[in-house]
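2 protein chains.
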Amino acid sequence: MSEIQNVGIRGIEIYFPHRCLEMVALAEADGVPAGKYTAGLGQTRMAFCGDREDIISISLTVVKRLMEKCNIDPKDIGRLEVGTETIIDHSKSVKSSLMQLFTENPFIEGCDQINACYGGTNALFNALDWCRLHGGLAIVVAADIALYGEKNARPTGGAGAVAILVGPNAPIVMEGTRVAFSENVYDFYKPHLSEEYPVVDGHFSLQCYLRSLDACYTRFCAQNGHLVGASPITAASFDYFVFHSPYNKMVQKAFSRLFYLDRQRLRGTEHGPAVHPTLAPFDDMPLQETFTSKTLQEAATAVAAPFYATKVTPSTRLPTHTGNSYTASIYHSLASLLENAVGGPAALLGKRIVFSYGSGSCAAMWMMRVRAPIDRLTSGLHIEDQIRAQQCTLRHLHAATQPPTRLSFISRRPNFSNSETSPSAEKRLNRSENGVTPPALASCLPIAPPG
Amino acid sequence: MSEIQNVGIRGIEIYFPHRCLEMVALAEADGVPAGKYTAGLGQTRMAFCGDREDIISISLTVVKRLMEKCNIDPKDIGRLEVGTETIIDHSKSVKSSLMQLFTENPFIEGCDQINACYGGTNALFNALDWCRLHGGLAIVVAADIALYGEKNARPTGGAGAVAILVGPNAPIVMEGTRVAFSENVYDFYKPHLSEEYPVVDGHFSLQCYLRSLDACYTRFCAQNGHLVGASPITAASFDYFVFHSPYNKMVQKAFSRLFYLDRQRLRGTEHGPAVHPTLAPFDDMPLQETFTSKTLQEAATAVAAPFYATKVTPSTRLPTHTGNSYTASIYHSLASLLENAVGGPAALLGKRIVFSYGSGSCAAMWMMRVRAPIDRLTSGLHIEDQIRAQQCTLRHLHAATQPPTRLSFISRRPNFSNSETSPSAEKRLNRSENGVTPPALASCLPIAPPG
Numbered sequence: 001m002s003e004i005q006n007v008g009i010r011g012i013e014i015y016f017p018h019r020c021l022e023m024v025a026l027a028e029a030d031g032v033p034a035g036k037y038t039a040g041l042g043q044t045r046m047a048f049c050g051d052r053e054d055i056i057s058i059s060l061t062v063v064k065r066l067m068e069k070c071n072i073d074p075k076d077i078g079r080l081e082v083g084t085e086t087i088i089d090h091s092k093s094v095k096s097s098l099m100q101l102f103t104e105n106p107f108i109e110g111c112d113q114i115n116a117c118y119g120g121t122n123a124l125f126n127a128l129d130w131c132r133l134h135g136g137l138a139i140v141v142a143a144d145i146a147l148y149g150e151k152n153a154r155p156t157g158g159a160g161a162v163a164i165l166v167g168p169n170a171p172i173v174m175e176g177t178r179v180a181f182s183e184n185v186y187d188f189y190k191p192h193l194s195e196e197y198p199v200v201d202g203h204f205s206l207q208c209y210l211r212s213l214d215a216c217y218t219r220f221c222a223q224n225g226h227l228v229g230a231s232p233i234t235a236a237s238f239d240y241f242v243f244h245s246p247y248n249k250m251v252q253k254a255f256s257r258l259f260y261l262d263r264q265r266l267r268g269t270e271h272g273p274a275v276h277p278t279l280a281p282f283d284d285m286p287l288q289e290t291f292t293s294k295t296l297q298e299a300a301t302a303v304a305a306p307f308y309a310t311k312v313t314p315s316t317r318l319p320t321h322t323g324n325s326y327t328a329s330i331y332h333s334l335a336s337l338l339e340n341a342v343g344g345p346a347a348l349l350g351k352r353i354v355f356s357y358g359s360g361s362c363a364a365m366w367m368m369r370v371r372a373p374i375d376r377l378t379s380g381l382h383i384e385d386q387i388r389a390q391q392c393t394l395r396h397l398h399a400a401t402q403p404p405t406r407l408s409f410i411s412r413r414p415n416f417s418n419s420e421t422s423p424s425a426e427k428r429l430n431r432s433e434n435g436v437t438p439p440a441l442a443s444c445l446p447i448a449p450p451g
Numbered sequence: 001m002s003e004i005q006n007v008g009i010r011g012i013e014i015y016f017p018h019r020c021l022e023m024v025a026l027a028e029a030d031g032v033p034a035g036k037y038t039a040g041l042g043q044t045r046m047a048f049c050g051d052r053e054d055i056i057s058i059s060l061t062v063v064k065r066l067m068e069k070c071n072i073d074p075k076d077i078g079r080l081e082v083g084t085e086t087i088i089d090h091s092k093s094v095k096s097s098l099m100q101l102f103t104e105n106p107f108i109e110g111c112d113q114i115n116a117c118y119g120g121t122n123a124l125f126n127a128l129d130w131c132r133l134h135g136g137l138a139i140v141v142a143a144d145i146a147l148y149g150e151k152n153a154r155p156t157g158g159a160g161a162v163a164i165l166v167g168p169n170a171p172i173v174m175e176g177t178r179v180a181f182s183e184n185v186y187d188f189y190k191p192h193l194s195e196e197y198p199v200v201d202g203h204f205s206l207q208c209y210l211r212s213l214d215a216c217y218t219r220f221c222a223q224n225g226h227l228v229g230a231s232p233i234t235a236a237s238f239d240y241f242v243f244h245s246p247y248n249k250m251v252q253k254a255f256s257r258l259f260y261l262d263r264q265r266l267r268g269t270e271h272g273p274a275v276h277p278t279l280a281p282f283d284d285m286p287l288q289e290t291f292t293s294k295t296l297q298e299a300a301t302a303v304a305a306p307f308y309a310t311k312v313t314p315s316t317r318l319p320t321h322t323g324n325s326y327t328a329s330i331y332h333s334l335a336s337l338l339e340n341a342v343g344g345p346a347a348l349l350g351k352r353i354v355f356s357y358g359s360g361s362c363a364a365m366w367m368m369r370v371r372a373p374i375d376r377l378t379s380g381l382h383i384e385d386q387i388r389a390q391q392c393t394l395r396h397l398h399a400a401t402q403p404p405t406r407l408s409f410i411s412r413r414p415n416f417s418n419s420e421t422s423p424s425a426e427k428r429l430n431r432s433e434n435g436v437t438p439p440a441l442a443s444c445l446p447i448a449p450p451g
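First to last, the sequence lines map onto chains A and B.
With the first letter of the first sequence counted as 1, position 378 gets the number 378 in full-length UniProt numbering; the numbers rise by one all the way through.
With the first letter of the second sequence counted as 1, position 84 gets the number 84 in full-length UniProt numbering; the numbers rise by one all the way through.
None of these hints come from the bench; they were simulated from the model.
Hints may be right or wrong, so weigh each one.
In this list, chains with the same sequence are indistinguishable; a pair is considered to hold if it fits within one copy or across any two.
Subject to a maximum C-alpha distance of 20 Å in a straight line, what follows is the list of computed DMTMM-like cross-link-like pairs (lysine to aspartate or glutamate) [stated by the list, open to error]: (1) K64 to D201; (2) K64 to E183; (3) K351 to D283; (4) K75 to E183; (5) K151 to D284; (6) K253 to D214; (7) K64 to E150; (8) K64 to D76.
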């Protein structure tokens with residue numbers, strides 16, 4: 001069988017719940033300075049679901065919209081995979097629930113992909129490999145609802161979904177060798193099976209993210225340097241970066257880390273002295289210290305600053321306004337870049353894009369190339385419109401009540417609510433029996449009318 | 001990139017807990033006739049775990065043994081995926097826990113694959129595609145611990161794990177086009193997140209299995225007929241069958257169903273009158289009735305009977321003695337076939353093997369070909385030795401006690417117990433905090449010394 005060429009991203013659709021919390025208002029409600037959540041986390045807003053939406057309904061909505069937008073005939077889909085860590089059943093996959101959209105074509109491979117925020121990337125890799133070998137079109141879904149039980153972590157919640165159409169003759173293709181890194185670490189995990197909240201060791205998780213970034217970036221440069229064309233390769237050699245974004249400050253730290261890594265990698269070579277000499281004082285800092293050193297962080301941020309606005313900011317628009325959507329986060333970042341790249345989507349043509357992703361711990365880094373105009377791909381995203389239409393409120397549904405949300409309240413109506421996905425919703429147990437606990441913020445926020 | 005040839009199964013290792021329940025003894029304890037569990041379900045024994053084993057430890061054990069047996073250098077592995085529905089964490093994958101075996105090579109892609117009993121098959125497909133495109137070796141793990149809360153369903157529990165080495169120049173390769181079938185059905189699911197037990201609609205689940213089989217077999221014959229060589233193609237055209245085995249009676253029903261399907265598919269053709277004429281009385285039976293009709297079942301079983309012993313029985317040895325191991329079940333069946341094929345493993349050389357699999361609802365059917373001697377692949381399985389060494393007991397650990405199991409009691413010692421997989425086990429919450437509920441049989445079985 002001959003391999004199919006130019007397999008990549010042919011379409012992308014995003015969805016996030018319309019309601020959100022303003023970080024400033026949340027800080028006020030929490031009795032902390034606003035800067036703790038804005039400058040401190042780098043976040044602006046955080047999307048959240050009401051009781052009428054769940055992981056199934058937001059996944060159905062985003063897939064339905066992708067199919068309409070891309071005019072997909074369900075019969076052309078051969079693989080469908082879902083990355084998520086919002087688990088409402090220990091056996092039945094979200095993928096199988098999505099099959100209600102494909103009753104005329106049940107011959108679709110795939111299932112759910114699970115490892116914290118990484119599942120969507122595994123789904124994408126599987127879909128790309130499958131298309132290259134078997135032909136046809138694949139759909140990749142990444143969707144999550146991120147809730148935290150600890151008050152300190154609550155501002156890093158969020159919600160969102162993305163659906164990606166993968167197939168041949170795509171305007172965005174993978175290039176070079178993708179690299180992966182995986183460790184057995186307990187930085188963020190969810191051992192309490194009857195609740196939605198993770199156990200998080202925040203400081204350790206930051207280190208795990210950066211350690212994965214170190215490993216991926218070093219290996220990536222070694223394996224793909226010849227494709228980048230610059231000598232020496234540094235972070236400045238790449239046009240755009242997309243990072244998994246648990247909160248924007250993490251993205252800032254990750255980007256500045258690359259400049260430290262460039263110096264470490266190159267300082268023994270002929271290029272050494274010229275590479276970021278202001279970072280020379282940190283050349284011999286023990287590795288473990290580099291993860292926590294504030295002086296290094298400040299120095300690296302200063303080196304990275306001239307590049308951040310053009311190379312990173314375009315991808316941060318959605319994640320800073322929807323919060324952490326776990327598996328969907330990196331693809332919300334990608335969608336943002338496609339719509340917001342300096343000079344408009346047309347400017348991306350022919351430019352190289354580096355993707356980076358780190359989590360739980362599975363991580364990967366790869367490069368994508370825009371090889372054809374992406375106007376059709378981005379025209380229906382309307383990210384700025386959707387951000388403008390976000391409905392900011394401090395009202396969060398109270399745990400003990402029956403679902404009070406009027407469907408009209410979920411404006412920019414999703415295509416599905418969890419009470420409409422019959423027979424799925426009827427067959428699923430109700431949320432309390434289901435072990436799905438109340439929204440995380442219920443106890444700390446005033447109940448008020450939609451604002 | 002050129003596609004890598006003859007990618008397939010290069011090694012296979014199985015593991016199951018040493019302790020088991022005899023179906024006859026269990027029936028006696030349950031106060032039902034022994035035949036209900038033996039002839040009725042087609043089962044002989046059922047393996048179960050003690051408190052010292054869990055999904056992580058049995059997965060670690062089977063991978064460690066595969067690596068030793070196949071003399072695998074961890075540095076050669078590029079992808080590792082786990083299919084399971086035994087979820088003890090909603091975020092962290094079993095795959096990431098297995099990375100403790102690969103500390104010298106953390107550059108390994110993959111994560112967990114979830115959809116009831118199907119995840120292992122998705123993992124295998126991913127690994128095959130990955131190897132064909134990217135080279136290197138992959139490991140596929142399928143492992144589960146099947147427990148049922150309802151007394152009636154308990155005899156269909158079980159436990160087991162399998163690890164498969166996938167790579168180039170393999171003695172067993174895939175041939176032809178694999179087919180898939182997926183539906184949004186609620187026949188078996190696990191919405192009670194704080195317990196291990198599924199919600200099962202047994203009669204409906206049987207129909208979903210058969211409906212998936214119908215769809216896969218019909219499509220498979222249409223797409224791969226030219227490879228089989230027989231005209232017309234019927235179930236008799238294939239040498240061996242491997243079915244997902246929730247219990248052996250299901251396998252018997254599935255096999256006999258193929259003969260009914262052959263007649264349905266061919267009766268309008270020139271071959272029609274000659275194809276299983278004893279099934280003619282059911283030609284016009286409404287489809288829904290065919291799933292439940294006892295007379296059809298009896299007639300189809302009679303047609304299938306001459307073929308069952310040679311084509312199916314060789315693959316049923318392990319599943320009838322370990323019970324349902326969910327994702328691992330079909331690969332325990334495969335391992336059984338490899339060791340038990342009539343004439344020994346050498347007899348499989350060049351013969352075609354059809355695999356079939358149905359579940360939750362994702363299903364797939366594909367064909368494998370043994371293209372080189374598999375002696376090295378099968379030599380370390382020792383399935384018969386392991387069955388002989390099963391320790392039958394009615395003793396099941398009592399829920400309320402601290403883990404009382406001496407490691408020496410887990411004979412044919414696993415490489416890992418859950419108290420040894422430090423730091424994983426320490427980091428995980430203890431079983432009760434963890435939401436992992438006590439063993440299913442604790443309440444119905446007498447506590448007695450190991451038998």
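We went through each hint and held it up to the structure:
1. In this assembly of identical chains, K64 and D201 lie within 20 Å of each other by CA distance neither inside one copy nor across copies; the values are 37 Å within and 29 Å between.
2. For the identical chains of this complex, K64 and E183 are inter-copy neighbours only, at 17 Å across copies versus 36 Å inside a copy, given an alpha-carbon limit of 20 Å.
3. In the homo-oligomer, the alpha carbons of K351 and D283 never lie at most 20 Å apart, since the shortest distance is 32 Å inside one protomer and 62 Å across protomers.
4. For a Cα distance limit of 20 Å, the shortest separation of K75 from E183 across copies, 14 Å, qualifies, whereas the shortest one inside one copy, 39 Å, does not.
5. When the C-alpha separation of K151 and D284 is checked against a cutoff of 20 Å, the pair qualifies neither within a copy, at 38 Å, nor between copies, at 64 Å.
6. In this assembly of identical chains, K253 and D214 lie within 20 Å of each other by CA distance solely inside one copy; the values are 12 Å within and 54 Å between copies.
7. In this assembly of identical chains, K64 and E150 lie within 20 Å of each other by CA distance neither inside one copy nor across copies; the values are 34 Å within and 38 Å between.
8. When the C-alpha separation of K64 and D76 is checked against a cutoff of 20 Å, the pair qualifies only within one copy, where the shortest distance is 15 Å, while the shortest distance between copies is 41 Å.
The structure fails hints 1, 3, 5, 7 (numbered hints given earlier, in ascending order).
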